[in-house]
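Engineer: The residues making up each chain are set out below.
2 protein chains.
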Amino acid sequence: MAKLPQSLQNIALFFERLPGIGSKTANRLAMYLLRLPEQDLKSIGEQLSQLKSRTKMCKVCMNLTEDNMCHICNDTARDRSTITIVETVLDLLSFETGNIYKGVYHILHGKIDPLNSIGPDDIFIRNLELRIQNSEFEIKEIILATNPDMEGEATAMYIRNKLREIQKEKRLTFKVTRLGYGLPIGAHLEYADYGTLSKSIENRRDF
Amino acid sequence: MAKLPQSLQNIALFFERLPGIGSKTANRLAMYLLRLPEQDLKSIGEQLSQLKSRTKMCKVCMNLTEDNMCHICNDTARDRSTITIVETVLDLLSFETGNIYKGVYHILHGKIDPLNSIGPDDIFIRNLELRIQNSEFEIKEIILATNPDMEGEATAMYIRNKLREIQKEKRLTFKVTRLGYGLPIGAHLEYADYGTLSKSIENRRDF
Chain A
1 MAKLPQSLQN IALFFERLPG IGSKTANRLA MYLLRLPEQD LKSIGEQLSQ
51 LKSRTKMCKV CMNLTEDNMC HICNDTARDR STITIVETVL DLLSFETGNI
101 YKGVYHILHG KIDPLNSIGP DDIFIRNLEL RIQNSEFEIK EIILATNPDM
151 EGEATAMYIR NKLREIQKEK RLTFKVTRLG YGLPIGAHLE YADYGTLSKS
201 IENRRDF
Chain B
1 MAKLPQSLQN IALFFERLPG IGSKTANRLA MYLLRLPEQD LKSIGEQLSQ
51 LKSRTKMCKV CMNLTEDNMC HICNDTARDR STITIVETVL DLLSFETGNI
101 YKGVYHILHG KIDPLNSIGP DDIFIRNLEL RIQNSEFEIK EIILATNPDM
151 EGEATAMYIR NKLREIQKEK RLTFKVTRLG YGLPIGAHLE YADYGTLSKS
201 IENRRDF
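Taken in sequence, the protein lines are chains A and B.
Following the UniProt record's numbering, the numbering of the first sequence begins with 1 at its first residue and continues without gaps.
Following the UniProt record's numbering, the numbering of the second sequence begins with 1 at its first residue and continues without gaps.
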């Protein structure tokens, strides 16, 4: 049997558990670590050990943070009247990288996915309802930014219905919007799928 | 600016330093770690910290090991009269996975690569010479298993010349061989490159 030294082998097995990394890549990565300065490995080793105990969820938006509130909810320059609902922290990062959005977020940490037995109570929808009902700030708009796939759509629809109930109950008048659909910038019509093309016709605009 | 909590960010940056991992994948991997049990992260963190101090080179073949000698050189069932010379430990692993080879190895940890200023003295060729000159066992064959690219060929040729000098000096008669070239199993002639096809004609055999 192929065998690396035990500690190297363990690290290769660790890499292999990560998504998208096979056993050959895992070995290559483990081997690569031997080239890094010992100090770097020590420091990253410590951080890995403490990762879970250090990382918490923001009590407002469920973003990941090391404090009680994340840097976005803490930032008074952000527009707290607009909340964008995303599935994961990675989706939030995509918006933040572009610097195109000045509001705040709510992270669901998942989507409604009956095939994998994930229901509305398994993601952070209830927290969103409470957040809206008890908000100190006036909420003007809620943007549903779940992914445009089947589960993402279902999640968006479920949340929209919940939001309507809250609006009736609490006599609130915020807008509920969904991200725009159509051709991505730089796309080629030739390679666009049927669903995207049909949305791009439906959502055509004056020009 | 997009921002993860500090410890998560540091781990993402660590992943990003690894070959073949971009910043999006690095973020995804770091995020995935939060799903692993804390105990696993602690244990892998410790192993990372100790990785470099624990991993040594086998004093015989330069394979990686936690002892003085690697498990292959220590294995008395292996045929010590045949030495296969490979560039890296990963190459050794490929041979070992197949369980197709019963001899021992010598790992160069690199190849002669003048464009990147790596000369014969920068890889473990001198150790190989000493190993052969001072061997307790009779050496019958040395298989040059460097990669079939330009640098691998140059390295193989350099070592072959060195071995011939040693043979003359010490009146030794071991065979020196190179791995067979030709079409890989499962290949399609249609997609084979010129060099491979030409080798496969040159190395054709009775059938």
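To be clear, the hints were calculated from the coordinates, so they are not data collected in a lab.
Please note that a few of the clues may not be correct.
Which copy is meant is left open, because identical chains are indistinguishable; a pair holds if it fits in one copy or across any two.
As the list claims (entries may be wrong) - Simulated pairs of lysine-lysine, DSS-like, Cα-Cα distance not exceeding 27 Å:
id : residue 1 : residue 2
1  : Lys42     : Lys199
2  : Lys170    : Lys52
3  : Lys140    : Lys170
4  : Lys59     : Lys42
5  : Lys3      : Lys199
6  : Lys162    : Lys102
7  : Lys42     : Lys24
8  : Lys168    : Lys140
9  : Lys3      : Lys162
Engineer: Against this structure, judge whether each hint is valid.
Structural biologist: Consistency of the hints with the structure:
1. Lys42 with Lys199: neither (51 Å within a copy, 48 Å between copies)
2. Lys170 with Lys52: neither (38 Å within a copy, 61 Å between copies)
3. Lys140 with Lys170: The answer is within: 14 Å in one copy meets 27 Å, while 89 Å across copies does not.
4. Lys59 with Lys42: between (32 Å within a copy, 26 Å between copies)
5. Lys3 with Lys199: neither (53 Å within a copy, 33 Å between copies)
6. Lys162 with Lys102: Answer is within: at 25 Å inside a copy they meet the 27 Å cutoff, but 67 Å across does not.
7. Lys42 with Lys24: both (24 Å within a copy, 24 Å between copies)
8. Lys168 with Lys140: For Lys168 and Lys140, only the intra-copy Cα distance (15 Å) is at most 27 Å; the inter-copy one is 89 Å.
9. Lys3 with Lys162: Answer is neither: 55 Å inside a copy and 30 Å across each miss the 27 Å cutoff.
In this structure, the hints that do not hold are numbers 1, 2, 5 and 9, in rising order.
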